[in-house]
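Peer 1: Spelled out from the first residue to the last, the chains are:
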Amino acid sequence: MALSNKTGVFICHCGTNIAGALDVHKVVDASRALPGVAYAADYKYLCSEPGQQLILDAIKEHGLKRIVIASCSPRMHEITFRKMLKKSNINEYLLEIANIREQASWVHTDFDKATEKAIDLVRMAVAKVGKSEPLKAQAIPITKRALVIGGGIAGIQAALDIADAGHEVVLVERECSIGGRMVMLDKTFPTLDCSACISTPKMVDVSAHPNITLMTSSEVEEVQGYIGNFKVKVRKKATYVNHDICTGCGLCEEKCPFKVESDFDRGLSKRPAIYKLFPQAVPAKPVIDKDACVKLKTGKCGVCLKICPLNCIDYEDEDKTVELDIGAIVVATGYKPAKWQSMYNEYGAGRFEDVIDGLQFERLVNASGPTEGKIKRPSDGKEPETVVIVKCVGSRDPKKGHAYCSRACCMYAAKHAHQILEKLPGGRVFIFYIDIRTPGKGYEEFYDNTRKDGAVYVRGRISRIFREGDTLVCQGEDSLLGRQVRINADLVVLETAMEPAEGSADVLNMLGCAKNDDGWAQEAHPKLRPVETQVGGVFLAGVCQGPKDIPDTVAQASASAAKVIGLLNKDEMETSPMIAAVAADKCSGCGACEPICPYTAITLEKTPDREPGTGKKIERSVANVNAGLCQGCGACTVACRTGAIDLLGFRNTQILQEVDALWQ
Amino acid sequence: MTNEQKQTLMRERAAALMKDGAVSYVIGWRETRFPGKTAIFFVRDEKDADMLVWDEYTIPLTAKYLTENRWPDKKIGIFARGCDSKAINRLISDNQVERENLYIIGLPCEGKKDDRCLSCTQRDPLIYDELLWEPENATGTSETDLQRARFFRAEEVESLPTDARFAHWEDVYARCIRCYACRNVCPVCTCRECYVDMHRTGFQGKHHDAAENRVFGVTRAFHVGDRCIECGECERVCPMGLPILGQTQKIIKTIEGLAGTYEAGMDPEADSFLGKFDLDDKDTFM
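Residue numbers (this note's numbering), protein chains in the order written: chain E, 2 to 665; chain F, 10 to 295.
If we strip away everything but chain E, and leave its shape as in the complex, we get (with noise of 0.2 Å):
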């Protein structure tokens, strides 16, 4: 269908934004004469309501066909011009946006130049809309259920949102309970209120929410599909405990004789091989740690077998893998704190049992902790009188560590010094810092207390760590002096940086997530789509995305489940008609589309053909595009030699009728 080209050109004042630094006038004239062009006008606002109206107006008194608008940047009104192209006889993608604001009048200070190259931008704009062609959206089913990948307070947030809005979710969790860094916590900052005790509440409404699958021990393998279409495998590790039958007794626990350091008390309790995570787990039962149990090593043991009442214990377990139709994702898989050892040799290393990091910290002065809360000393089990804290261990250190800053260490720093001098009575300690940081709602008034407290903040760093006798000699400067200090410690504890956590890597690279240098989740806009990423249908809650206090981190996964609901709640969703087509008859089938694709949406087919020349019957290799999957980068175009590949709405002969008009 020839698609007559009357095209008509609107010039937006933008009130004196345009207006003020470039001759409006003179663009709309210079529009007139240009070919195809049947009617040029300008007005103070086009994006208004009358300005629209005055845009429809015109359309229908000269039976325009094509549209091009010279405004600000596409990305704010080209959407606002589209729908309101609906309301009239044109397809809202014969319509072009030539971008006379932030390319012409906001960076240009001589009024005539930017005039010029304003009537250029309207000049490519017309050419490249006479060679547009009407699009049509499509429509894609949506799969009214979430995954959420990571079950610690971010997971559980988005987890509960979303089931209370009335969609399936399911929670992936790759350790035997769900709960995260935040129940290893003692107190949280600024109100002191217990960790624990505000968490389990929301683990057991996981456990019992009729819209919540939770899939403990398992891990996310692979990821297909596209936003309401995914098909993800979860592969459940084997527990060797019957989870059906289990009550959680806690018999085999107490019987096994193998024990091995917890990673949940952070390497300062034992727990035996048949455990659960800490006490208020969820689920309340316990699994088999494969590489601490005899009996699966050697197969001599059994005792957690014999002892269970319920007969539930099974070494002949295997992995298991689950095949899920998702139609969103929330990514929520956290942080581990850095290996301080590895950067920070002048701090022993590792070498010295009571320097220690702030989760370790946080554990011992837990009620349900290895020292039922009572701050000991892991080398000796005394009480410290004297507690060295150092900040920013890892973090704004790029010479040891990582550039950024974590965020909550300020906070936490306080909140321990705050507990130590609770405690501890007559105890000492001293706060070594770069900055202190602390903005947040009470949070600057909690760092205040703790100094009234008695906590001594030293502006500056440790250099150097070293024993003497059983104390911990520290050596560092007070900036703000200018002088060298030595403090005879009893105890160290470094608050470290948070690193995202081990394996989040390869679940953003099979999402087709981007991450920053230092691995954090790249989200879509770092300010107006902060829980989207770049891939539709997968969006970021909590550290992941980069280091936060729990506060903020469940006001993402609240953002991030608001996004989810939004897209679940649609039966279908359109998609951009902006995507990669493929001329089958130009394709070679060379496949070098394929790996270029970001999203894994183009593959080659088999399509049945006849050879050139002789007839005869063929099957040759031809690109197919997944609408679903193709987010119309125009990757692909660029790949494809020949041009067999187009991005509608961007095909090469607008892109070369645009390049000539520039140079008419």
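Simulated from the structure, these hints should not be mistaken for laboratory data. It cannot be assumed that every hint is accurate.
Claimed, not checked - Using 20 Å as the maximum straight-line C-alpha spacing, the simulated SDA-like pairs for lysine to any residue come out as follows:
(1) 587/E with 204/F
(2) 137/E with 5/E
(3) 260/E with 369/E
(4) 137/E with 212/E
(5) 587/E with 209/F
(6) 215/F with 654/E
(7) 145/E with 428/E
(8) 618/E with 78/F
(9) 587/E with 201/F
(10) 291/E with 304/E
(11) 83/F with 613/E
(12) 238/E with 220/E
(13) 285/F with 507/E
(14) 291/F with 596/E
(15) 617/E with 78/F
(16) 618/E with 76/F
(17) 607/E with 102/F
(18) 83/F with 621/E
(19) 375/E with 428/E
(20) 291/F with 599/E
(21) 83/F with 615/E
(22) 232/E with 510/E
(23) 617/E with 76/F
Dock chain F against the given chain E, drawing on the hints supplied.
Peer 2: For chain F alone, kept in the frame of chain E given last:
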């Protein structure tokens, strides 16, 4: 073994394959009426096998001729040296020919009377169904053995000052007649329709001027890109004698600098260097 003895072996083998009916034809070389020039020859009949030649002038690449028959009813026999085998690997990874459709008779090569053979890194065939003779003291298989730098043509241009380099290419493409012989002979130029012929799309005009020629030169080099097997056929067939291998060599040389070592056509399963989306891409050049 002398060239004559090798030639006899080739003739016998081609005749035997044709007699058995194992292949529909065998691609090799024959003499032309010009001394020192051979041409590609399809042995379609047992008795024509005696027209095959093997001497210091059997220079042209056999591999590209496989694309004339992409869906053969029977296997195609092809004589392949190191360079031909790299080209065959390339054709396989570009999905232009299928390995099972080929019967490859490998010919370890002693180097021909051609400048480009002085910088050959791969004289022995990489892929074959049979080797017709054993490699004898093959030289030029490691970079230090090369009689001339691998990227000699690119280095010629690099030795010029920056302004002179542009002048160099201006001069080259002022003389180009856009006959597209370089494209036609290239074993990686296998599009069903070449962009230069899509006049309606408008990539390349029909005008014959230096500017259009330069666009062609640059585009050709980038379309070949990381796939160039450095056979130098483009330069050999150029009727204007233009040193166009410099462009494709420069691309491979740059990739070698980024990747450590790089050579296209060594492995049909190898990933594309420039054309693969990789989340861990260092993007050092951006």
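Peer 1: All hints are to be evaluated individually against the structure, with a verdict given for each.
Peer 2: Taking the hints in turn, this is what the structure says about them:
For the hint pairing residue 587/E with residue 204/F, the CA-to-CA distance comes to about 10 Å; that is within 20 Å, so the pair holds. Between residue 137/E and residue 5/E the CA atoms are separated by roughly 19 Å; this keeps the pair inside 20 Å, and the hint holds. This hinted pair checks out: residue 260/E and residue 369/E have alpha carbons roughly 19 Å apart, not beyond 20 Å. Restraint check: the Cα-Cα separation between residue 137/E and residue 212/E comes to about 36 Å, which exceeds 20 Å; the hinted pair is violated.
A hinted pair counts as satisfied when its Cα atoms are at most 20 Å apart, and residue 587/E with residue 209/F qualifies at roughly 14 Å. Distance check on the hinted pair: residue 215/F and residue 654/E sit about 16 Å apart at the alpha-carbon level, within 20 Å; holds. With a C-alpha separation of about 56 Å, the suggested pairing of residue 145/E with residue 428/E is violated against the 20 Å cut-off. A threshold of 20 Å between alpha carbons decides the hint, and for residue 618/E with residue 78/F the separation of about 14 Å falls inside it, so the pair holds.
Of the supplied pair hints, the one linking residue 587/E and residue 201/F holds, its CA atoms being roughly 6 Å apart against a limit of 20 Å. A distance of roughly 15 Å separates the Cα atoms of residue 291/E and residue 304/E; the hinted pair therefore holds under the 20 Å criterion. Between residue 83/F and residue 613/E, the direct Cα distance comes to roughly 18 Å. Compliance with the 20 Å bound is thereby established for this hinted pair. At most 20 Å may separate the alpha-carbon atoms for a hinted pair to count; residue 238/E and residue 220/E meet this at roughly 8 Å.
Between residue 285/F and residue 507/E the alpha-carbon distance is near 18 Å, which keeps this suggested pair within the 20 Å criterion. The suggested pairing of residue 291/F with residue 596/E holds, with an alpha-carbon distance near 17 Å, which does not exceed 20 Å. Among the hinted pairs, residue 617/E with residue 78/F is consistent with the structure: their alpha-carbon atoms are about 12 Å apart, no more than 20 Å. Using a Cα cut-off of 20 Å, the hinted pair residue 618/E and residue 76/F holds, with the two alpha carbons roughly 17 Å apart.
Taken as a hint, the residue 607/E and residue 102/F pair is honoured in the structure, with Cα atoms around 16 Å apart against an allowance of 20 Å. Annotation: proposed proximity of residue 83/F to residue 621/E holds, straight-line Cα distance about 17 Å (limit 20 Å). Pair hint residue 375/E plus residue 428/E holds up; C-alpha atoms about 14 Å apart against a cutoff of 20 Å. For a cut-off of 20 Å, the pair hint linking residue 291/F to residue 599/E stands: about 15 Å separates their Cα positions.
For the hint linking residue 83/F to residue 615/E, the alpha-carbon distance of about 15 Å falls within 20 Å, and the restraint holds. For the hint linking residue 232/E to residue 510/E, the alpha-carbon distance of about 15 Å falls within 20 Å, and the restraint holds. Among the hinted pairs, residue 617/E with residue 76/F is consistent with the structure: their alpha-carbon atoms are about 16 Å apart, no more than 20 Å.
Of the numbered hints given earlier, the model fails hints 4 and 7; all others are met.
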